[in-house]
Structures are given as C-alpha cells and as structure tokens.
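**Q** As a plain string of letters, each chain reads:
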Amino acid sequence: MKRRDLLLATIGLLSLWQLAAMLVDQPILPTPLVVAGAFVRELGGALPGHFLASLWRVFASTLLSILLAAPAGLLLGQYPKVNAFFSPVIYLLYPIPKVVFLPIILLFLGVGNLPKIVIIFLILFFQILVLVRDQAAGLRPELIRSVRSLGAGRMALLRFVYLPASIPGILTALRQSVGTAVAVLYVAELFATQKGLGYYIYLNGSTLFNYPAMYAGVVAMSLLGLGLYFSVDFLEKRLCPWMFVK
Amino acid sequence: MIDLNGLTFAYPHGEPIFQDFAWQAARGQAWTVIGPSGCGKSTLLALLTGLLLPQRGEVRIDRQLLTRPRPRTGLIIQDYGLLPWATVRENARLGLRVRNFYGPDGVHAPQDYTRTLEVDRWLERLGLLPFAGQYPGQISGGQRQRTAIARTLALEPDLLLMDEPFSSLDAPTRESLQRLALELWQESGLTMITVTHTIEEAALLGEQILLLSRPPNRQAVIISNPNLLRENYRDTAEYHQLCRELRARLEAA
Chain A
1 MKRRDLLLAT IGLLSLWQLA AMLVDQPILP TPLVVAGAFV RELGGALPGH
51 FLASLWRVFA STLLSILLAA PAGLLLGQYP KVNAFFSPVI YLLYPIPKVV
101 FLPIILLFLG VGNLPKIVII FLILFFQILV LVRDQAAGLR PELIRSVRSL
151 GAGRMALLRF VYLPASIPGI LTALRQSVGT AVAVLYVAEL FATQKGLGYY
201 IYLNGSTLFN YPAMYAGVVA MSLLGLGLYF SVDFLEKRLC PWMFVK
Chain B
1 MIDLNGLTFA YPHGEPIFQD FAWQAARGQA WTVIGPSGCG KSTLLALLTG
51 LLLPQRGEVR IDRQLLTRPR PRTGLIIQDY GLLPWATVRE NARLGLRVRN
101 FYGPDGVHAP QDYTRTLEVD RWLERLGLLP FAGQYPGQIS GGQRQRTAIA
151 RTLALEPDLL LMDEPFSSLD APTRESLQRL ALELWQESGL TMITVTHTIE
201 EAALLGEQIL LLSRPPNRQA VIISNPNLLR ENYRDTAEYH QLCRELRARL
251 EAA
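So the sequence lines, in the order shown, correspond to chains A and B. Residues in the first sequence are numbered from 1 upward in steps of one, following the working numbering. Residues in the second sequence are numbered from 1 upward in steps of one, following the working numbering.
The set of hints was computed from the structure by calculation and includes no laboratory data. Everything numeric in this text was worked out from a predicted model, so none of it was measured. Note that the Cβ used here is the ideal one computed from N, Cα and C, for glycine as well. Treat the hints with care, as some may be off.
[Claimed, not checked] Listed below are several chain B residues computed to face chain A (Cβ distance under 7 Å; list not exhaustive):
(1) Trp85
(2) Tyr135
(3) Gln138
(4) Ser140
Taking the hints into account, I'd like the entire structure generated from these sequences.
**A** Structure follows, in structure tokens:
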C-alpha cells in the first residue's frame, strides 16, 4: 500500500472524528486535538508504563505461541498418522472463542501477567498450528522427493524445506489474529490487574471520568494493534521477499 | 554401473510391477526408458534412486548394493522440484547446503567431499547467471528446469536419473534442453537414464532404449540406437525408422 494513500485515509478518519465531536459537542467525545494534547501529557505520566505492560503481554504470548505451535504444526503436517489422531481434537477446539475461557483462566492463574499471556497464547496457538500444519502438509511430494534425492534426510528436510515453508504460515496466522489478540488483551486487562492499557482506559473512563485521558488510552491501544500489524508486514517483506516479486 | 538382478517389486495390495527382472547398464551409457502408462517406468527410477526397495532381488549401483539414496546419484523430475522461496542461485546450492549440513559422512555426502557453495560455474554453463538472483516464480519453465539440472550437476553425480524431465515444456524449449542434456552427458561421461513417455524423446536421449510393457515386466526388452550422436539426427531417416519401430512395439505392448 502507498504511504500517501495511508496518510490520506488517516486524515479522512481524523476529519470524521472531528466532525462527530463537533456535532455531539459533549465531554464524552473530545476532538482529536484535545485527545492529542491529553496523549502528549499522559506520555509524561502513567501511560507509557501501561503501554509497556500490554506490549509485553502481547509479545510474550506471541513468542510463546510461535515456539510451541510452529513445531507442533510441522509435526502434524509431516506425519499424516499423528495428524489423523489429533485433527478431531483441533477441529473441535479451533472454532471455540477462546475469550470465554478467560474467567476460568483467571480463577486458576489468579492475578498478574500469566493469565493474560495464556489467553492470548490460546488464541494465537490454534491459528498458527492450523496454518503451519496445512502449509507443511501442502508441500508437494515431488518437492520432498527431489530434495531427498539430493541427500537430505529428515533433519535436512526440516532445516531446508519444512522450516522455511512454515514462515509464511506463521506470519499469515499472526496477521489474522493480532487484532483479536489485542481485543482480548483489552478484556483481560479489565480484570485482576492494575497495569495495562485495558485497566488504564477503564480507570479513566469509569472511575476518574477523565475522558481525554481515556481516549489517549484508546489511541495507545490502537497504536499497539497497528504497530503489531505493521511489524508483521515488515517481517513478511524481510523474510518472504519471494512472495512480493512479479 | 547399474545391475538389477532377480528384481521383484509390487506396491502393497498390487500385482507385481517387476518379476524376477534383470537389467544392466554400463558406466557412461545413455539410456531411455519408455512404455505405456502404468508400466512401471517411474517405479524403476524410484528403485534406482533408492527411494523404493525391492521385495526380492537386488539393485546394485557401481557394484554397491542399494539400500538408501546414494550421494552420487542425481535425480531430475518433471517440475515442482525447486524451493519457491529461494533464488535460482540458492536453489542450485541446495544440494551442496545439504551436504555441508551433514558433512562428508559417506551417507548423505561422499566421504571425499570438501565443503563448497560454488555453483556459478554451472549457472554459467546453463545460461542462468543473468537470472541467479530471481525466484522460480519469475523465470520460465525451461529456466526452472535448467536450475534443477545445475543443482544436480553441482553435486558431480556419476549417475543422472531423469523422470519425464522436459514434458511440461513447450516444443522449442524441450528440444534445446534435450540437446543440452546430450552435450552435458558427452562432456561429463556420467551415466544417464531418462524416463519418458514420448517416442521422440526416447529416440533422442538414449543410445539404448529399455522398453517396458504391461506389468509384470519379466524381461528387459532393449532396442539399440547407434546413430544417436549423428549430426542433425532428428532429420535422418534412421531416426524416423526408429520412431516407427518404437511406436509399433508400444502399440503391440
């Protein structure tokens, strides 16, 4: 996508916001300018700490899910028998909205970072697992045969074929679920914590009634989601240049 | 170079494809294998590669009993053999990378192997240097097949097996690659076995032609093609005569 188009879209959305704020004309919808002021002010206050807490939770859970789901997906994709054994389980678990487990996870894991990381991990894990599995299983047998004929055993196949073949699957899974992950993080941070953007937004909106600060939190959460999305884009261009050539 | 003795092979729950089958090919020869679909051409190649093992009898390559793919055998297949995420140069290096990965263990790489990633000599010989930085999706089918050939030749094989290598290419590209294959065979002195379903290719790439028929194959039917290296062989009466003979034999089979 062109930078110019993105800039124009941003300006368009901000203008709509401005227009809506002028029409509503109430403290619950401040103008972008007021929120920008609050955002800058809050940057000197509590906001960065909450932002980092949320970022850490997303980052840790993403890393954890890649480290566990990618090898598992490769295993399932390579061994049809193992896949046949597990696929009914995955079939049943995959469509369940993982966010409904949040109360249970909170009951078991209590306060702190762990329950938040676990819930996001659950969302990402199944996405990555399924996409990497399908990508590994979809490799043409002719390709495997010809690489084996070059002398490759299982380890070399893993290193030179399955591992690089799984990278697009991991990135696609992240692209698809990064939005959901941030949304669930928000919900998770409403409970049993005093750190994180979810808590910050809720505190300013419902307890302190500091609406500009609340909006600054919403902006920070949006930036977190956008930043993750852009990071996936960036990684894809770096790691999979072959997907972008004509 | 190749010695099949008392070879019997059947897929699970199937009729035998080969039964007590014997066939020899000398070092440095060029053979083509032809027959109707389902005759066992590709099975024979898989047996020679060591990717399939016979139920009875033995496959010997260079006097060694074949029990697993051997490092000095190169295999080129019809298509899909290249890594889509690697450039032409990196694809050509793949075999060397695999060897470097294992080291000279005698199983995955010959024991006298010295580590290298040098493939530019082959890229140049095959006219691929200008495309070395491009991905398989960006180049033509002929260039892709040249890349597969470069990758295999970089491993300095003494036995080259090709499974319908040019059948997905258009006619001019196919002809130029057939000529190239013959040139490389003559230059390198390797043993070359090409499986094909087209009569013309069987006559153009083999000084000996192995004719397979409906399974089970019990006896090797061999047709020799002494004029193979004659200039403009494609246009000679002998070539057309051989094609007619092959066609008649295939129809009878």
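**Q** Would you mind marking each hint as holding or not holding in the structure?
**A** Status of the hints after comparison with the structure:
no. : hint   : in the structure
1   : Trp85  : 5 Å, holds
2   : Tyr135 : 4 Å, holds
3   : Gln138 : 6 Å, holds
4   : Ser140 : 14 Å, violated
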